Every structure is written in structure tokens, then in C-alpha cells.
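Q: Here the protein sequences line up with chains X and Z, keeping their order. FYI, the numbering for the first sequence is 1 to 253, going by our numbering. FYI, the numbering for the second sequence is 1 to 279, going by our numbering.
The set of hints was computed from the structure by calculation and includes no laboratory data. Check before you lean on any hint, since a few could be wrong.
[Claimed, not checked] Far from chain X by the CB rule (all over 10 angstroms, computed), these chain Z residues:
(1) 15
(2) 16
(3) 62
(4) 148
(5) 149
(6) 191
(7) 251
(8) 279
[What the hints assert, rightly or not] Interface residues of chain X toward chain Z, partial, derived using beta-carbon atoms under 7 angstroms:
(9) 19
(10) 32
(11) 33
(12) 53
(13) 63
(14) 75
(15) 79
(16) 82
(17) 84
(18) 86
(19) 116
(20) 129
(21) 227
Quick caveat, the model's predicted, so the values are computed rather than measured. Using N, Cα and C, we set each Cβ at its ideal position, and we do this for glycine too.
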Amino acid sequence: MAGMHLLSDQGLRLDGRRANELRQIRCKLGVFSQPDGSAYLEQGNTKVLAAVYGPHEIRGSRTKSLHDKALVNCQYSMATFSTGERKRRPRGDRKSQEMSMHLRQALQAAIRVEVYPRSQIDIFVEVLQADGGNYCACVNAATLAIMDAGIPMKEYMVACTASLGNGDVPLVDISHLEENSGGPNLTVAALPLSGQVALMEMSQRFHLDHLPKVVECALQGCRDIHQILDQAVRRHIEVSGAVGWGIRPQVKL
Amino acid sequence: MSMEKEPVSGRTIHPVKYYRDFLAQNVRPDGRSLQTFRPVSINVGSIKTAEGSAIVKIGNTTVVCGIKAELAKPKAEEPNFGYLVPNVELPPLCSPKFRPGPPSDQAQVSSNFIAETLTNSRCIDLRDLCIVSEHLAWVLHCDLICLDHDGSLLDACVIALVAALRTVELPHVLYDAEAEKTVVSAEKRSKLKVHSEPVATTYTIFDDEILLTDPTNEEESLSSGIMTVVVQGDKLCSVHKPGGSPLTDAQLQECINGAMKRAEHINKLINTALKSHET
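Here chain X stands alone, though its shape is the one from the complex (with noise of 0.2 angstroms):
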């Protein structure tokens, strides 16, 4: 069965990482100064840009506006040298327009779109290296970006994918080689103090009495993340938010 030798005999994978061990997370809001919020997120290798216009007037067709509710505008592009072989489109095939619509979904789950009525919310991701998880990183940037922006959500939307090693053990945040080994891959997008899933893809198949595992793990992982993406923000609040306030950061110039 593929997904054999995801775990090794001593229960290490194939980047030395333990089976509920996430990569390295780094990342920063307020990158940019032209997007009203901004964010860059790296897990492990895989590096994403995240930026957010808005809420601002609908541009393009007016029939679009909703009368109730803020419309919400996402688009992905990879950069042509993000991946071992050049992409050629960057956006607009038709794996960007899928990826598109399923960070639209997940995030509109999120945002609080009632606050915003007959306006557009703009959120542009852009891949700048990709090793594994573009999804997940996308989600969590944009999260980040959305929150850097001031504009309202119920809770983090924090994505994490999860697959089973060597048949019945789960691993969580896999890379872009265990993604293509074979093995099942599962994708779930959560509100993670509620619990509520926005979104959940699967892979390839595996039995479904392993299903509760693998999904308890991806829950935990975006648990995990979660406490690592609000760390950050409470780190960039104290420290660039305070100026304003007239609060000196604890800073030694």
C-alpha cells in the first residue's frame, strides 16, 4: 500500500519531523504598506504572501453587491518559479480558480460579512515557494492578512492537512514529497475554538475506521497553529500598535 515509508522504524519521516510534529512556522503582519492589511507566512518551505483590500466599493458589475452582506473576493497565483518545474500560468488555470473558490469559502465562513453590507473585501495570495500545504498557508495567511486589516471575524480560520503513515498511524502538516508518495491526503479548514469545519478535502483512500483519527489530527494541528498565529498578532499589536497609542515599545534604538 502506498504511504509505506512515510514513517521510518524509529518513527521519524522523511524531514526528521515525529508524526504530530508540525514545520517550522514563521511569519509577520503588516509587510506591505499599500494593502490595507498584509501578511507573510513560511511553514517549513513553503512561503506565502497574503494581501487584503477593502472593505471598499464593488467594483466591476454592481449587480454583484449583496444587500446584506460584504462580498468576498479571493484570488491565488502561484509565482512562475515556485515550483521545480516553471509554471507556466501563474493564474487562471484552472487548479488556481479551484484553490481560488475553496479559500473564498473558507474565509467567507469566517469573516463577518454582515458588518459590511453592498461592499467587496479583496484577498490576493501569492505562492512564492511551494513545498506542501499552498492551501493551508494560504488559508493562514490570509487570516493573518484579514486581521492585520482590521476587518471583523468570528474566529481564526486556520487550515491543516493530515495523511496516514505506514498504514494506520496519522501524520499532520505534510510536505510536498509525502503529498505525492501516494498516501492519503486530507485538507480541513476550521474555526479552531469552536471546532466548526469550513471546509475538508480528501485524497486518494484509506479504511474508514482510520477516518476519526485522521481528522482529530488535522483538528489538533490547526488547534496548534492557532496558538502560534495569535502569538503573532498579539506580538504585532504590542509592538507597532502601541506607537500610536502613545505607549513606548520596549524597544533600545
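Start from chain X and add chain Z according to the hints.
A: The following block gives chain Z in isolation, referenced to the frame of chain X:
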């Protein structure tokens, strides 16, 4: 947001008057004098999936350049030459004036400018990219993505491109002409030879008279003319002035001199960045 949201003020209601008041005191709203450049920071080799990469920040303007190498057959009329294909992308995330869709006019003009700068400056000898005459050559796709557009876009693009080209390491390729087989050995790599380092500097003309160096996005949109000067070493490579207010001879010479001085500084910076990347 990295800048606090400002209340409605003279800057939003009457931006030209706002700028005129500052320029009358020989200073710009961000505190710079009329001839001061913004700080430049360069980082190379951060994108591991690309053969060469560089990220450049001029003030807030951020451009990332990624170079990917592919193999192809050379053109019939130029059998000894490889290809160098630059492309500038201005995605909607870099500025609110760009919308999703096909490349905007500005992106196409910038791509063309970069392509011409590469040919004019003879920065890469295309013959170095040829592996076997008439059969196999390298194609270097240079993709420049602007992540934050705050003025002086062409400056950042040229610096990022040159820095990325200097990090490119091409694998050795063995080509068997009879069997038409290509063997790429990824471990043995050799550096690409960069013959010259062009540096671009942008100036704008405000109110038909005042020359501003290294403009921000706001200054570019309020100006009546714009000009980009490309120099390499101590030679002038090209001057790009797409219409706009006329410049006197003296102002033109001032711009070229300023660009020469800046080129020295930028080249030192690129060398430092490359040295720290190699260690």
C-alpha cells in the same frame, strides 16, 4: 496596516498644495530632501525552487526576482545564442490601482524596458547560454514580481534582476548529438558570467520645474513627468523619458551625475549581499 490611517487632511483633499508647501521648504513629506535616495536592502538566494533569486526593497517598494532555467533548441538564424526572457508582473496585491486580469499596460511597458536594458547593457552574453550550437541552449526565464508598489519600480526591478543573475548556477549538461540524448548533472554547477551591472535611477518632475529623486508612488502620481536613467560602471547605458514636462540640459546632466554616484553605492551593496550569501 503598517501606517496608521490618517484623518482627512490637506494630504487627501488637496495633495498638490500639500506637496507644494513642503517643497517650498526644500523638504518632502517623508522627511527626505529633494535629492536624497531611500534606503535600499537586498537579499539573495532565498527562493530555493528557483535557480537564482533576489528580493530588493527601496523604501517600501518591494520586488522579488526568480530565475528558472530550461533547455530549448536555439533559433535557426542565431544558432549560437541562448535566450533570456524577462517578465515583470504587477499583481493586484502590490497596489490598489491594479486589478486582476491580463497584464496591465504598465506591466508590459516595464517588461519591455527590462528586456531592452538587458540587451543594451550586454549584461549577459547570450553565447554563454549556448550548450551545443544549433541543438541545445539554456532559456533563462527571469520573472520579476512586484509585491509593493511605492514608486521607483524600474530601479528595484533592475537591481533585483542583476542580483539574481549573479546568484544563478547552471548545472552541467552533456548532449549526445547522434542519440539526441541530454544528460543533466544537477550536482556539478557553474556560475553564470555577468559581464556588467546596470543600475537604474528614477527621477520625477513636479510642477514642471522641481526635480525629485527616487519618488514614492504618491509623488509619481502627482508629478508632471518621469525619467529613468540606466548607467553601468562609468558609462551611460540608456535614458528613458516617456513624454512629460521638458527638462533643461543642466537638469539632465544633474540626473546623470546623481545616477552614476548611486550606481557605485548599489554595486557595493549587491557585492556585500552576495558575499554574505556565499558564506
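Q: Could you work out which earlier hints the structure fails to respect and list their numbers in ascending sequence?
A: Structure breaks hints 3, 4, 5, 9, 13, 19 and 21.
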